[in-house]
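Participant: Residues per chain are reported as follows:
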Amino acid sequence: MSRARAAGVLLWACLALVAAVPARPVDVTPPLPSAQLQQRYVRLTHELRCMQCQSESLADSQVDLAADLRRQVHDLLLAGDSDDQIRDYMVARYGEFILFRPRMSWRNAWLWGAPVFMMLVGVLVAWRVLRSRSRLADVEDAGADDAAGLP
Amino acid sequence: MVVELGQFALILALMLAAAQAFFGLAGPALDRPRWLAAAPSAACGQFVFVALAVAVLVHAFVTDDFSVRYVAVNSNSALPLFYRVTALWGAHEGSMLLWILVLSVWTIAFVASARHLPAAFAARTLGILGVVSFCFLLFTLTTSNPFARLIPAAPDGNDLNPILQDPAFAVHPPILYMGYVGFSVSFALGCAAMIEGRRDQQWARWMRPWTVMAWAFLACGIALGSWWAYYELGWGGFWAWDPVENASFMPWLVGTALIHSLAVTEKRGLFKSWTLLLAVTAFSLSLVGTFLVRSGVLVSVHSFAADPSRGVFILALLAVMIGGALVLYAWRAPRMQSAVGFDLISRESFLLFNNILLVIAAAVVFGGTLAPLIADTLGLGALSVGPPYFNPSFLVPVLPMLALVAVGMHAHWRRGGLGDAGRPLLYALGVALLVGLGLTFGVFAHPLPLTPIGAVVGCWIILAALIDPIDRWRRHLPLPASVAGMSIGHIGLGVFVLGISFVQSNSIERDVALKPGQSVSVGAYQFRYDGGQSIDGPNYEGFRGQVSVTRNGSPVTVLHPEKRRYWVQGTVQTTAAIAPGVSRDLLAALGDDVGAGAWSLRLQYRPLIRLVWIGALIMALGGVTAVIGRRRRARAEERALAQHSALAPPDAAR
Amino acid sequence: MNRFLLPLAVFVLLLAVLLVGLRRAPDKSILPSPLIGKPAPQFTLPNLFDNTSPLQSDSLKGHWSLVNVWGTWCVECRAEHSVLLQIKQEARVPIIGIDWRDHDEDALSWLAQLGNPYQRVGTDHDGKVAIDWGVYGAPESFLIDPAGTVVYKHIGPLTMPVWQHEFLPRLSRPAGPGA
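Chains as they are written, first to last, in the working numbering: chain H, 11 to 161; chain A, 2 to 655; chain Y, 10 to 188.
Heads up, a few of these hints could be off.
[As the list claims (entries may be wrong)] In silico lysine to aspartate or glutamate, EDC-like type, Cα no more than 20 Å apart, as pairs:
hint	chain 1	residue 1	chain 2	residue 2
1	Y	K47	H	D98
2	Y	K137	H	D74
3	A	K516	A	D593
[What the hints assert, rightly or not] Some chain A residues close to chain Y (C-beta under 7 Å, calculated; not the full set):
hint	residue
4	G312
5	A320
6	T378
Simulated from the structure, these hints should not be mistaken for lab results. The model shown is predicted, which means the values in this text are computed figures rather than measured ones. All residues carry an ideal CB built from backbone N, CA and C; glycine is no exception.
Chain H extracted, bound-state conformation:
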């Protein structure tokens, strides 16, 4: 289906649920005292999903729930929580779904390992094909129209 339509549907989901979430303007979360904390704040809010506009991150989403959660991240950072503790806090309340980056765990090993595994399979396939084909490399010179430049 059209990307446009679905982007529309997702946004609409959010905007429709604006009816289900308070939509008054909220104070901008004040900046954190240290640059390092601010950096962590930016990274975390990009890694956490806005539960309403589910394909936007907390950093990007405009709804009040996102602002509330950003505020929460801000407060937890000030309280001295580590990045993992903050993620745990969110997951305990909203489930793994709130993380954009699936956690590195044995349960998720299949997901993270998939690309490398597929590459290994690919290398194997390529090797087998190349071996059999280079044996078959025939010596006839007919029809070599390389010069015609047919890509």
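Given the structure of chain H, go ahead and fit chains A and Y onto it with the hints provided.
Facilitator: Structure of chains A and Y alone, referenced to chain H:
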């Protein structure tokens, strides 16, 4: 009354699709020439009635007929005329109708140009297309009827989602569908080849132009969608790896592999079963993607609970279409093995790597998109996958592939080596290193680890793609459109890689609250908020701010971000202001009114972001060039053949 | 012959996964809540009707409760209001309301106008308690057992069919880990 005509037209189209499928497949099988000839007529008839149905729905929109439920949900009397028409594909039912329309357009395009194909083969292709049409029409009529009435009629409509009230939105879905749905022709040709059990590779020649055209459309559609999301959503993002985006990207990746695989099959008769499988897979991904995002199968990642029974219907249709094709494949592919060989460093081997890596890339995207569903089904808990997974995982197969493109382009067929191209390639690499590293460390500082690699590889691909054309020009040789197309396509790829590399590493984003007169620096630019005023639109009201941008004191541009509230749905929308440029984009978007005249703003600097879309468009242009050139050459050959046919014996091998 | 059957086999597997995914869809309340089976999050909220006695989460213990998160700005909450009134009539389970990010005066007049299904209402002005309960779109309703454990969560307006098919059956099960 008129509206029911549309529904009736669809029913007739359904019957004609069935006829098309029947005559197209049974005609050749039972050796009935009359049935064979009926298939194209059925296809044309189907097109007429589908077009009629679409016209009826458009008419309902234009005349504000709110007794039609689809119109009532997606339109409004205050909606500008242009958007009343484009609202046709604003929601599920209408977009299904668009799918069907595009499918019948491709079908009659095939009918028109199939004269030079063997009649039985063309008929079988039409037959398969008829099966696909039939499935879609059946689904639309029974579960997603756009002509359903609303009784009593609504006094006025719900209005089109404001995010969709945009000119780019008007063109994006039709172009995207031209791509998606275009792969159905490749799919049908492949199925026809498999049904006939052909041992030759003629079908690859016929399949190629259709594939390339669909691929080019899809590239444009995806680029347009990305660009639209960028300026519409206003947060500077242009690709979020969300299921809907992935649904259009996966067929494109496989389509790219298909084009390259077709080259090998056409040229040397190799990779026949690969190519057929890719042809089936490309369209299958289109189908699976289309349904994944609208059937409610991905319920676990979407806050709407959709109707599961509709989902089961879709799965049944997928089983018929894709399952059928894969059964054909399992049955026929074994007999299509060829017995020619090639060396380790040959065009064939590079294209083999290319195929494998592109398929892995598509598989990674597919896995990531379905991961939440898979994890949930297998009881592995709730999983969530986003850019932090896709970005690194996608690069695992794609980075090696990009590194091989420059060399692969020049490898010789069958026997190994690069021949004359070896030296120029090395020179090109040298220049690429200079330019790439210069850009990375000189022009744009603070690179990420992958930036220099992306910059160098991007430059190398562009330069390598120019070697052949420059060589021909110097030797006063003609430049066939197919070679030009290939060069242009690869140049587009290089441009895209350059753009992506620098956007990822050097974008700057600032979230600040500013009072009128306050300014903040974003990279080398100063953004000053000048205040704003209330505005009134045809179906909205809002606030429009002004942001002046300067660099080293001299004015660069003035941006006007807006915040709109659409009356009917009461929704709020942010319209970002963008100052585009080839070397960089500057963005400003309004956040919230924080009181005392101050607003929170998101300000951004995005270098070379236009190259991302320009690169994609250049790629598409390459494809179109190759196809048009081919048609010219094919026509010239036909004429030459016709002239000589009486004088010389028929040419057996081609 | 074997490897040519592979694509078909993969496809059949995919179909199976999609089919199972579809089948399970209606069972879940859209997204599984991580709170199910865990003790209800602790809170102390100002009481909408009586500023002197705040609403404590401890008061949820000792009997079954239905905790409903709502707000006057929420269109769907208005839709479910009549269902809540019906549930109150049944008098089987008290309904505790959490008024999310709302104005007290608005809430009071809303309840006065439409009727009050709640035994007590706590006001969550800054949304912190809602975050603790994993709320992301009102209305949301939680079934709490006498031990104070979250047994079930429903997102979206409560309807009589949902009440009868999802909440009531769980009431008659012995208290324990969430169903």
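Participant: Check the hint pairing Y:K47 with H:D98 against an upper bound of 20 Å on the C-alpha distance.
Facilitator: 15 Å, holds
Participant: Holds or violated: Y:K137 and H:D74, Cα atoms, limit 20 Å.
Facilitator: Satisfied, since the Cα-Cα distance of roughly 12 Å is no more than 20 Å.
Participant: Taking the closest Cβ pair, is A:A320 under 7 Å from chain Y?
Facilitator: 6 Å, holds
Participant: Would you mind confirming whether the straight-line C-alpha gap from A:K516 to A:D593 stays at or under 20 Å?
Facilitator: 12 Å, holds
Participant: Close enough to count: is the Cβ of A:T378 nearer than 7 Å to one in chain Y?
Facilitator: Holds, because the Cβ-Cβ distance from A:T378 to chain Y comes to roughly 5 Å (cut-off 7 Å).
Participant: Should the hint that A:G312 touches chain Y count as held when the rule is a Cβ pair under 7 Å?
Facilitator: 5 Å, holds
In summary, the structure agrees with every hint in the numbered list given earlier.
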